[in-house]
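Colleague: Sequences listed follow chains A and B, in order.
At position 65 of the first sequence the residue is numbered 265 (the numbering used here), and the sequence of numbers has no breaks.
At position 357 of the second sequence the residue is numbered 596 (the numbering used here), and the sequence of numbers has no breaks.
Treat the hints with care, since some could be wrong.
Here chain A is said to cover these stretches of chain B; the calculated rule only asks that three of the stretch's residues, wherever they fall, bring their Cβ under 8 Å from a Cβ of chain A [unchecked claim]:
hint: 1; segment: 260-268
hint: 2; segment: 390-396
hint: 3; segment: 507-514
hint: 4; segment: 612-625
Per label pair, the in silico range of CB-to-CB distance [stated by the list, open to error]:
hint: 5; chain 1: B; residue 1: Ile619; chain 2: A; residue 2: Pro255; range: 27 to 37 Å
hint: 6; chain 1: A; residue 1: Pro255; chain 2: B; residue 2: Lys515; range: 50 to 60 Å
hint: 7; chain 1: A; residue 1: Glu305; chain 2: B; residue 2: Ser466; range: 37 to 47 Å
hint: 8; chain 1: A; residue 1: Ile303; chain 2: B; residue 2: Glu465; range: 25 to 35 Å
hint: 9; chain 1: A; residue 1: Pro255; chain 2: B; residue 2: Pro657; range: 43 to 53 Å
hint: 10; chain 1: A; residue 1: Glu304; chain 2: B; residue 2: Gly595; range: 51 to 61 Å
hint: 11; chain 1: B; residue 1: Gly368; chain 2: A; residue 2: Ile303; range: 32 to 42 Å
hint: 12; chain 1: A; residue 1: Arg298; chain 2: B; residue 2: Thr376; range: 45 to 55 Å
hint: 13; chain 1: B; residue 1: Met470; chain 2: A; residue 2: Glu305; range: 44 to 54 Å
hint: 14; chain 1: A; residue 1: Ile303; chain 2: B; residue 2: Glu532; range: 47 to 57 Å
In short, the hints are calculated from the structure, not lab data.
In this text, a Cβ means the ideal position worked out from N, Cα and C, and glycines have one as well.
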Amino acid sequence: MKIRLIDIAHGRSGDKGDSANIGLIAYDEKGYKILEKYVTADVVKKYFEGICFGPVERFEMPNILALNFILHNALGGGGTVSLKHDAQGKTLASALLRMEIEIEEPV
Amino acid sequence: MKEKIRIASGQGFWGDLLEAPYHQVTKGPVDYLVMDYLAEVTMSILQKQKKKNPELGYARDIPELMKRILPVCIEKEIKIITNGGGVNPFSCAQEVKKVANSLGIKNLKIGVVLGDDILDRIDEFLQSGIDLKNMETGESISIIKDRLLSANVYFGSEPIVEALKLGAQIVITGRTTDTGLTLAPMVYEFGWNYENFDLMAAGTVAGHILECGAQSTGGNFLGDWESVPDMAEIGFPIAEAYPDGNVIITKHENTGGLVSIETVAEQLVYEIGDPKNYITPECIADFTSIKLEQVGKDRVRVYNVKGKPPTNFYKVSAAYFDGYSAVGTLTYSWPKALTKAKAADRILRKRLEFLGLQFDEIRTEFLGYNACFGPLAKEIDEDLINEVVFRIAVRGKDYNAIERFGREIAPLVLTGPPGVTGFAGGRPKPSEVVAYWPALIPKELIKPKIEIVEV
């Protein structure tokens, strides 16, 4: 079945130089397992094609049911240089929550 | 030793809710008020102000704020810690002293932390082989040395603790880590040992939760934000800290907002890198060890935090001049608002080309359509779009080119697509681009200095 990440998670994003970070937080254990299984660094890299021009790193934080993604080279030069309206990547978490994934598990 | 202390966050950045610190000290019991004013760019802005007037260079909100909160803080014995001293903490303290004098306050000690400003020492470091390499690119700082606007070391909690030990009720610092502002009172009150890295990490995590103000109490909450009560009177976070490193995040009872595992978790992941290695001057905190537990209404316990020894380096934040930029906007209305805005973009870019203007970058976004999500924006039925803001920004080294760009926006109103408005602000002016240079410096080269200003 198809779900949107916003159905099972919330999150927050921000900047570190020209990298953006997106913390994706599941509402429960089951949701975390789904995020862990389907929302890989590769999936996120592909999703943000045209926004993120560097590698994507993923870090797991099972203690708070979260995944932390670092999107390198994603902010048009970084907070102070960037010409983007969202120079600090504040809305990237919302963009990721809009992603649809096809899962085997029932929700 | 106190059995617990309550540390209140009063500002999450320079520009935050002005009423927040006043509410934090009046709406319930607190022992400390901590206020973070410094973002990465702020130091360079303050450095410019100091260049024009050697008595400036600090967050100018502070004297005004002190007028309101000092009488309360004196009466309730609340200590105030802030990094709003910017590049001139001493002048800031002098201004606070004037405020205290005018209020008839006596026997007040203001601690000033100095020594973080290394702008005048760059040559000295370069000569001794310390080249302050950019942490992202690996280049030596020598390549931008002549364009440097500010350079500061991030101190941690230690100098603040020293100032508190000298009897300061107010501590004003320059570039201090946001987390150090909150950790300092715990170290001071509970006599924590700097070798106890789990305690250092516990205080650091509490600091991270407090450092962005109401972002941990329901502000900017991407969860069920509509369920957050009374955001108009949102309460800022309070860390109720215990000697064993347990911390309860809460807020004053008669305030709006929400403290839940979700709101705290969102702040935990904010602007972090590798969660196992959150590096501060005191420790390396492991964010994957943190446990959260809801222990009451608007009370979340943060515990089990693990830490490791710190590195031998301080982080340096430098800023340098990197050309100019300008942003222009015009608003296009139905019908075909997006098509019109796109046409305006093509027309303007052609004109810039005819003029032979050179830019490092030109960027177009359509607010109401793709400014947030860029290429991820979904196609929509254009007939449903009421209006679109055409936003175009340029950046480059040539001031004249950027200035000329600013003169090409308004003409589009009479020489481009119809149904256009929103040009009331005048021509966009070139503004200086300040770029950021992160580096590391061996701790032994930097010595913080504490001065006490007596009232």
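Colleague: Please go over all the hints and tell whether each is borne out by the structure.
Modeller: So, going through the hints one by one against the coordinates:
1. 260-268: violated (count 0)
2. 390-396: violated (count 0)
3. 507-514: holds (count 8)
4. 612-625: holds (count 4)
5. B/Ile619 to A/Pro255: 27 to 37 Å: Holds, since B/Ile619 and A/Pro255 (Cβ atoms, about 32 Å apart) stay within the stated range.
6. A/Pro255 to B/Lys515: 50 to 60 Å: violated, 18 Å
7. A/Glu305 to B/Ser466: 37 to 47 Å: violated, 27 Å
8. A/Ile303 to B/Glu465: 25 to 35 Å: holds, 27 Å
9. A/Pro255 to B/Pro657: 43 to 53 Å: holds, 45 Å
10. A/Glu304 to B/Gly595: 51 to 61 Å: With Cβ atoms ~58 Å apart, the hint holds.
11. B/Gly368 to A/Ile303: 32 to 42 Å: violated, 55 Å
12. A/Arg298 to B/Thr376: 45 to 55 Å: Since the Cβ atoms of A/Arg298 and B/Thr376 sit about 32 Å apart, the hinted range of 45 to 55 Å is violated.
13. B/Met470 to A/Glu305: 44 to 54 Å: Violated - the Cβ-Cβ distance for B/Met470 and A/Glu305, about 35 Å, lies outside 44 to 54 Å.
14. A/Ile303 to B/Glu532: 47 to 57 Å: violated, 29 Å
The structure fails hints 1, 2, 6, 7, 11, 12, 13, 14 (numbered hints given earlier, in ascending order).
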